[in-house]
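Single-letter residue listing:
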Amino acid sequence: MVEVTDVVCSLCGCVCDDITVEVEDNKVTKVKKGACSVGKSKIMGHNRIKSPAIRVNGELKDCSYDEAIKKAAEILAASRRPLLYGWSSTVCEADKVGVELAEELGAVIDNTASVCHGPSVLAIQDVGLPSCTLGEVKNRADLIIYWGANPAEAHANHMKRYSYVSKGFWTEEGKKAKKLVIVDVRATKTSKMADVFLQLEQGKDYLVFSALRAILYGHEEVVPDEVGGVSKKDLLETAEMMKGAKFGATFFGMGVTHTGARQNNIVNAIQMTRAAHTHTKFTITPMRGHYNVAGINQVCTWETGFPFAVDLTRGYAWYNPGELSATDLLIRQECDAALIIASDPGAHFPGESIKHLAKIPVIQIDPFPNPTTEFADVVFPVAVSGVEAEGNVYRMDNIPIRLRKLIDSEYPEDEEILKRILDEVRAIKEKEDK
Amino acid sequence: MAEVLIRNGVVYDPLNGVKGEKKDICIRDGKVVESVKNPKVIDAEGRVVMPGGVDIHSHIAGGKVNSGRLFRPEDGRKGLEAKTKVCRMQSGYSVPNTFAIGYRYAKMGYTFVMEAAMPPLAARHTHEEMVDIPILDNAALPLIDNNWMTMEYVNSGDMDLLAAYVAWIMKATKGFGVKIVNPGGTEMWGWGKNCSLNDTVPTFDVTPAEIIKGLGVANEKLDMPHSIHVHTNMLGHPGNFEITKETYDLVKGIKTSKDRQVMHTTHTQFHSYGGTNWGDFESKADAIAGYINQNDHATIDIGSIILGDTTTMTADGPMEYNLYQITGRKWTNHDVELETGSGITPFLYSGKSPVNTIQWAIGVELALLVKDPWKIALTTDHPNAGPFIGYPILISMLMSKKRREESSADMHKVIYDRALLPSIDREYDLNEIAIITRGMTAKALGLHEHGKGHLGVGADGDVAIYDMSPEETDAGKIQKAFLNTKYTIKDGQVVVKDGEVVATPDGKTYFVTPECDDKLTDEMMVKLKDKFDHYYSVTYNNYAVQDAYVPNPYEIKTQMRG
Amino acid sequence: MQTIKLKIKDNVTSGVAKIPVEVDSLTPDNLVGKSEAEIKAVKVWWGNKEESTGDLFDVSVDGTAGSADEVKIVLDGDLSRVKRIGDGMTAGEIEANSNVDMHCGAMMSGGKITVKGNADCWAGREMHGGELVIEGDAAANLCAMYRGEDKGMTGGKVTVGGNADECVGQYMAGGEIVIKGNARMLAGLNMSGGKIVIGGDAVMPGADMTKGEITVKGTVQDMMPSFKLEGTESIDGAEYKKYSGDLAMTARKAKGTLYVK
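In order, the protein sequences belong to chains A, B and C.
Counted the way numbering that gives the first Met the number 0 counts, the first sequence spans residues 0 to 433.
Counted the way numbering that gives the first Met the number 0 counts, the second sequence spans residues 0 to 561.
Counted the way numbering that gives the first Met the number 0 counts, the third sequence spans residues 0 to 260.
Take these hints with a grain of salt, some might be off.
[Claimed, not checked] Pairwise CB distance ranges, derived in the manner of DEER restraints:
hint : chain 1 : residue 1 : chain 2 : residue 2 : range
1    : B       : 499       : C       : 49        : 19 to 25 Å
2    : A       : 242       : C       : 251       : 15 to 21 Å
3    : A       : 431       : B       : 499       : 22 to 28 Å
4    : B       : 497       : C       : 149       : 48 to 54 Å
5    : B       : 351       : A       : 425       : 47 to 53 Å
[Said to hold, decoys possible] Calculated lysine-lysine pairs in the DSS-like style (CA-CA distance at most 25 Å, straight line):
hint : chain 1 : residue 1 : chain 2 : residue 2
6    : B       : 82        : A       : 32
7    : A       : 430       : C       : 48
8    : B       : 82        : A       : 428
9    : B       : 351       : C       : 210
10   : A       : 242       : B       : 192
11   : A       : 191       : A       : 178
12   : A       : 203       : C       : 240
13   : A       : 428       : C       : 240
Everything labelled a hint here was simulated from the structure, so no lab data went into it.
Cβ coordinates follow ideal geometry from the N, Cα and C atoms, glycine included.
Turn these sequences into a full structure, and let the hints guide you.
Below is the structure:
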């Protein structure tokens, strides 16, 4: 038995990197410390796709990787509007091959930010993001605000590693010397811990942000007595709390990215941070979901110029979320083939888009069977990044960390499968050009 | 590998005293050699030939560069170019994608670019992007001045332990040299504050002046190829030229381990400001140039303005905040725990603005007023003062007074009152241009000893052939020639021909590994590990850049001196 | 006067996948002076392949034109997957006889486009001049900016006969937009000039505006809490409340005007 320390979790955007596991006979037998329950479950592993397969007459039939590669490449090379989607639960090295494949095919490449923090990216493109690394929050912040987020359940280690419960250089007393503000439409496991819980009406976040901005800029006289279900008194008190902090850190989640004004909610949250910043140090950070969605955004940006929803049909990038996100394309029935990797649209996408996905040829690359496997036409099982494969990922605050390989696996890595598909696509196109 | 013979070129190789001589250049297996037997012959037909360009300071790779791209899709959609059989897709103007950076620099005849500022905690990101920049050899300067370890050792006066820490950072980040940006000020920005050269940073109880001196001493103890590389305090503030001069004086007494400057200050245009506010703001390029002329221990790069809309990005968090407050445009900030920070905001330099006009003049004035070209380098602090694609504009202005007069006439009238440019007659010749774009920069970086910046035997076979005759005086033709080479050759391979990229080999990443006494390192480690145990949000064992991130390494080893 | 009729062929619209055709190369500016054969040879993007116009459209040409402003293009058939109609045009006329896909009239600076149906997202994006008439509804981001820009529409006139979806005229800096029906949330978001008139209802109009003028003739849902009531004003015989805003941008910048009935 070998004890391995400093293991990096490959589940959520926290990317906890101080996990200790036990490895015996090429298996992870125990997660000793550091991981939350969800992370533990990922590291310990579960039901796997056993073999590559091609769907014949409605049934998935096992085949070799070579046969599956050939079939996948044929589908993609013949496609007029292929969609390459997912990328958020694999490593940057694989993402790079994905971008190259999309460029070769003239495809649309998109990632899970489209259904997650895409609105946050749009907001950043509007007003920027005054932020910091998670260690800064740990060491300095005395006011923590979670808006539309429930970390106690969605990012279980967040508060104890990075924000409210954590102890740092100027925050040695931990939560005793900090204030926690939760803003949400309903009480949650996290709101029960709060010093202040602002319960607002569904879809009214936008109004509350604008009201706080007006107050922070000294124009409280125009603000009505109640905004979005929150009293003006509570708003004034919250503003005073923000002004009086030494360092305020706001974290926001799907509660604001996917309701009401969506990306404009986030613009408004960032504008609120900029208004607070005229009084004291204030930062704002999105609670990213998948462990490497930040990574595919980074890779896509430095290679194509843009972070997601990128159309490469003309050989250069045309970027336009709302037109080119996977859900847009599928609801509009635009694509004629799709490659789904390191994500699960079958589980997460609106029903309308799944209907179309089920009609077109779909290639799936994933270690685990999931709802997408139910209608995939070519399936590639691969190694689990962070357990069976190493590689680079970006944490929710964009710090790059390298996943470790803990055990050997017979499954190929994502990068290898993508490279082989790319080579085969190039061979097909070369033959066609002759 | 192949042999190449470049004949009939008029060669400018200032490090070897070659100032426009008709000369053959022979290359075998990627290196310059005395003679070749069976070469591919490139006839330069009387054109200007120089070693590949060496850019001493440019923001090309890493977290803030990519943040700049991510939040400016409107810049990304300028400069879109479809992929070709040879090239990947391109995007961007002030924040080009990685492929465009490689191709556009190579087309200007550059073969080496220094990434100006790498936050150590995110060094992996810088390396990931550098690997994706085609053709160019590269290196990066880790930011060390606002690091808590640095400030604590400066406070206690333990220069040997400071050197041990600097050595550790250099190894852990696969970095090239010591980068200093607004020392003390970026730590204070962690609380939304800033400071100047002689203010005391609370908690750490050190002044920026002490930090600069301490790192200057540590740098020399480690026998680093490059000097400390400094973005001085109070960037962009009217009147800051005094701080700049005082900063030079700080390090005057430090003895260097090598035959080079003690300190290189960067984008010095932004630090040569007179006046007391934006109303009476004026150029103090003469004061700074005067200092550089009278002293031999400092070098500068100009950071000269290119008119137009660009993206500012530096580790000077408070300065970026001020800029955003002035313009009201979008602003991204990213403080990095225990180490540094960054700010990014777009900015438009306009010929209609009196302030921008004076700024525009200052960069060129510095180059014209510093007498010895071996003390000065041509940069735009890409993209802060402007995109690197503007270098040919600056070259044409330095070489042609007529071009300067024409351009000045399009600027705000204030240029005739509060700038010096209209009164300067000097014109650079090609030898001087070669010095400030490759000879001086290679030497200041210590890379001339590693094959860069010259074409003597043993040098890298990196050559630029510009499509102009040495006698050319027309500024427009000079500018055109320096934008797209007739040939760019990298390690003996033709990568650009007739202004088009024809090959995209991978570049090498240069980094320095300073070796220290084990006992010293062990002592330093106790303090460092404590930081990881309590304050960092990543573990010690996950911090250092793994070898996988640098697939084409060029390692320079040094030894700590007594 | 030259009339060019383009009717989209059935095979383009009848597949399992409804892949859009992008017709940015089929503007009066680009087609003026071309023969029928030449027009058929003009390339358009259909997914990741460039096709000849004649392979995707039935083409017929009537009359001649000396300049673009004498050219009229009539588009027939199911245009719901035809993108970029009139992209960047400077003169002439385009008539589209069905619903149209995204970016109709984007970056146009002159001429006139009439859509006899609904227009999908980003109709009139970054318009500089000319006229765009949408007889049906307009989807989100009518006359809005491109992502990241702080200026969108700068001139021209747009009329929508039906309703408009979110973010009408975001970052508008000039020009005029008239919506006969309702506007969904955030009409005039980030406006810094120009004029928007909404015949029906609006939700959170004028957020973050710094200049320009918005008039809402119906009811406002979720009035912004950061606007200041200045008084009342009579417009065309009706009484309107006059607000200045948006003070969330600070009072110094809040020079926008919002009229609400």
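Cross-check of the supplied hints:
no.: 1; hint: 499/B x 49/C: 19 to 25 Å; in the structure: 22 Å, holds
no.: 2; hint: 242/A x 251/C: 15 to 21 Å; in the structure: 20 Å, holds
no.: 3; hint: 431/A x 499/B: 22 to 28 Å; in the structure: 26 Å, holds
no.: 4; hint: 497/B x 149/C: 48 to 54 Å; in the structure: 39 Å, violated
no.: 5; hint: 351/B x 425/A: 47 to 53 Å; in the structure: 51 Å, holds
no.: 6; hint: 82/B x 32/A; in the structure: 48 Å, violated
no.: 7; hint: 430/A x 48/C; in the structure: 17 Å, holds
no.: 8; hint: 82/B x 428/A; in the structure: 16 Å, holds
no.: 9; hint: 351/B x 210/C; in the structure: 23 Å, holds
no.: 10; hint: 242/A x 192/B; in the structure: 15 Å, holds
no.: 11; hint: 191/A x 178/A; in the structure: 13 Å, holds
no.: 12; hint: 203/A x 240/C; in the structure: 23 Å, holds
no.: 13; hint: 428/A x 240/C; in the structure: 65 Å, violated
Hint compliance for this structure: hints 4, 6 and 13 are not met, and every other hint is.
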